[in-house]
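Following the hints, complete the assembly by docking chain W with the ligands onto the known chain U.
In the order they appear, the protein sequences are chains U and W.
Counting from 1119, one number per residue, gives the positions in the first sequence under the numbering used here.
Counting from 60, one number per residue, gives the positions in the second sequence under the numbering used here.
To be clear, the hints were calculated from the coordinates, so they are not data collected in a lab.
Predicted model, so just to flag it, every value in this text is computed and none were measured.
Even for Gly, the Cβ is constructed at its ideal location relative to N, Cα and C.
There may be inaccurate statements among the hints.
[To be verified] Pulled from the structure, derived: some chain U residues nowhere near chain W, Cβ distances all over 12 Å:
{"hint": "1", "residue": "Asp-1139"}
{"hint": "2", "residue": "Asn-1164"}
{"hint": "3", "residue": "Gln-1172"}
{"hint": "4", "residue": "Gly-1237"}
[What the hints assert, rightly or not] Among chain U residues calculated to face chain W with C-beta under 10 Å, some are:
{"hint": "5", "residue": "Tyr-1120"}
{"hint": "6", "residue": "Leu-1123"}
{"hint": "7", "residue": "Val-1134"}
{"hint": "8", "residue": "Ser-1136"}
{"hint": "9", "residue": "Cys-1151"}
{"hint": "10", "residue": "Lys-1156"}
{"hint": "11", "residue": "Val-1161"}
{"hint": "12", "residue": "Phe-1171"}
{"hint": "13", "residue": "Thr-1173"}
{"hint": "14", "residue": "Gly-1175"}
{"hint": "15", "residue": "Cys-1176"}
[What the hints assert, rightly or not] Each pair of labels, with its calculated beta carbon distance range:
{"hint": "16", "chain 1": "U", "residue 1": "Gly-1135", "chain 2": "W", "residue 2": "Ser-383", "range": "26 to 34 Å"}
{"hint": "17", "chain 1": "U", "residue 1": "Leu-1123", "chain 2": "W", "residue 2": "Asn-166", "range": "29 to 37 Å"}
{"hint": "18", "chain 1": "U", "residue 1": "Ser-1121", "chain 2": "W", "residue 2": "Lys-272", "range": "23 to 31 Å"}
{"hint": "19", "chain 1": "W", "residue 1": "Gln-169", "chain 2": "U", "residue 2": "Pro-1214", "range": "25 to 33 Å"}
{"hint": "20", "chain 1": "U", "residue 1": "Pro-1214", "chain 2": "W", "residue 2": "Asp-109", "range": "43 to 51 Å"}
{"hint": "21", "chain 1": "W", "residue 1": "Glu-338", "chain 2": "U", "residue 2": "Pro-1214", "range": "28 to 36 Å"}
{"hint": "22", "chain 1": "U", "residue 1": "Gly-1135", "chain 2": "W", "residue 2": "Asp-426", "range": "31 to 39 Å"}
{"hint": "23", "chain 1": "U", "residue 1": "Leu-1123", "chain 2": "W", "residue 2": "Gly-291", "range": "48 to 56 Å"}
{"hint": "24", "chain 1": "U", "residue 1": "Glu-1204", "chain 2": "W", "residue 2": "Asn-297", "range": "34 to 42 Å"}
Below, each chain spelled out in residue letters.
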Amino acid sequence: MYSDLVLEHFSNPRNVGSIPDADGVGLIGSSICGDMIKIFIKVKDNRIGDIRFQTFGCGAAIATSSMITEMVKGKTMEEARGVTNEAVAEALGGLPPGKMHCSNLAADAMNKALDDYEGKGPRKSRKPLIDKGFGVRGGREMPSEEMKRPPER
Amino acid sequence: MERKTVYMDHAATTPVHPSVLEAMLPYFSRSYGNPSGIYGIGQEARKAADEARATVSSILGCRPSEVIFTSGGTESDNAALKGAAFALKEEGNHIITSTIEHHAVLNTCQYLEKVGFEVTYLSVDQFGMVNIEDLEKAITDKTVLISIMLANNEIGTIEPVSEFAKSAKANAEHSRILFHTDAVQGASVLDLDVDKLGVDMLSLSAHKFHGPKGMGVLYLREGTRFIPQQTGGAQEGNRRAGTENVAGIVGTAAALRLAAENREASSRHCQRLRDRLIEGILTRIEDTYLNGHPTLRLPNNANISFRYVEGEAILLNLDLQGVSASSGSACTAGTEEPSHVLLATGISPEMAHSSLRFSVGPANTDDEIEYVLSVLPGIVERLRAMSPLVAARERNGGNDV
Ligand SMILES: Cc1ncc(COP(=O)(O)O)c(C=O)c1O
Ligand code: FES
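One chain only, chain U, in its complex shape:
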């Protein structure tokens, strides 16, 4: 169901990790599936110098995270904003139907990181950011309470 390129990025994701002294951090949780992506950027001369991501999500979420970090690396803020989820999906040779929201997740996390850097969002916020962007069933506060507790059994 996934293209070879999706599987390739999924198997060998680029830019995995975190940046402790990041200039911008974007965290987004999908209101559709509950998966989440966190993107860290380090800015140099108004360009994205370094970028890392962490993803709790499906194959498409991991592959799009990997692809978007590749696509925006070295770009200016404005250029980076121009990288849409469709562009990421296209660069990956397409995504299966029903998986477009996963590419949304990556693009939205990227924009949150840029917002954070540019001070539009709650800068370096300690509070997790909430996604209200998809227009589907509303956003969910991340992380949810349950996530912190060990499962009850």
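Same frame as chain U, but now just chain W with the ligands:
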């Protein structure tokens, strides 16, 4: 290295057994007649279908006339619920089912709600068990139909259907209350005797027990009021119209007989492998949890949550290593909601999204279990290394992602 293929998704479907395929073949192009035809090849087909019906009835412990062949588990569930509900509409409009049923039952109940029925969805405990007292309390003088599955397809929990049926009939103020069970997942491992189960209707699906896809059985107890959901010719005793799928019917019976004959040996084999798999995973991989009931579960089902990683990502990696399993997240089916069954057992959406289902079959081997156990820890470790949830746990006990 040669690419392995290890199939551990027998709850999704099973390969047609070679002897089943062989039994079916003559009815495609040799004895291809319409069973309603009075000539030779028609009568050959009729005889084969009759024999198949007799075989199925002997395994269910019922009369051949109580066996209806359908196009699968979904149709059997639809026909049972709609057929009985519509027939009893004048007497009452209340239906009871559980929150962990297959969508073939749940979505049919939702449809029935739209056309005027009231449905009570019984919740389950943390193991996926329906509580018998809840069932008794839910029965009203309007209740006409109860549908509780014999075993759950995702977590494998086996429901005490015979107790439910007995208690429901004893508690009902009237005798017309009907009991249906979706026995699709139980066919190759559980006793299907309809009198022991005490049910009026029971659904089976052939492709879950090494029969052909697109074939099912609906047991309908004699005297049960029923309005056919597929109308047309007089086939299946006027209860399901359409020229018989003779090859499919023959294959269904051959597969069910095989399942009944091998039930004990196959269950023992599967359970041993399944237990090795569960124990191996729980001991070799941190933060893993068994979903479903520890003992009252299908002998071939292992449903496990791998905290901090998403099920589909593990599955995809397993597939790259040649292992076929399935996830409770059903992401690919276009419904990204975590499994309704896992949520019904009270676990968090994240843990539900982190679940995998392995369902073993008679052809699986110890070597295959060992293979899965050898590749799985590395996969989970790699995915956890990129999970924001793990990072959060390490930084501050998970208090802030
Ligand atoms: C419990 C249960 N009921 C019904 C079905 C539907 O059966 P079928 O695929 O034959 O329509 C399935 C199979 O997915 C099942 O597991
Ligand atoms: S299904 Fe959740 S991100 Fe793809």
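Here's how the hints hold up against the structure:
| no. | hint | result |
| --- | --- | --- |
| 1 | Asp-1139 | 14 Å, holds |
| 2 | Asn-1164 | 27 Å, holds |
| 3 | Gln-1172 | 4 Å, violated |
| 4 | Gly-1237 | 20 Å, holds |
| 5 | Tyr-1120 | 7 Å, holds |
| 6 | Leu-1123 | 14 Å, violated |
| 7 | Val-1134 | 5 Å, holds |
| 8 | Ser-1136 | 6 Å, holds |
| 9 | Cys-1151 | 3 Å, holds |
| 10 | Lys-1156 | 4 Å, holds |
| 11 | Val-1161 | 21 Å, violated |
| 12 | Phe-1171 | 8 Å, holds |
| 13 | Thr-1173 | 6 Å, holds |
| 14 | Gly-1175 | 5 Å, holds |
| 15 | Cys-1176 | 4 Å, holds |
| 16 | U/Gly-1135 to W/Ser-383: 26 to 34 Å | 31 Å, holds |
| 17 | U/Leu-1123 to W/Asn-166: 29 to 37 Å | 36 Å, holds |
| 18 | U/Ser-1121 to W/Lys-272: 23 to 31 Å | 28 Å, holds |
| 19 | W/Gln-169 to U/Pro-1214: 25 to 33 Å | 27 Å, holds |
| 20 | U/Pro-1214 to W/Asp-109: 43 to 51 Å | 45 Å, holds |
| 21 | W/Glu-338 to U/Pro-1214: 28 to 36 Å | 35 Å, holds |
| 22 | U/Gly-1135 to W/Asp-426: 31 to 39 Å | 36 Å, holds |
| 23 | U/Leu-1123 to W/Gly-291: 48 to 56 Å | 49 Å, holds |
| 24 | U/Glu-1204 to W/Asn-297: 34 to 42 Å | 54 Å, violated |
Against the hints set out earlier in the document, violations occur for numbers 3, 6, 11, 24.
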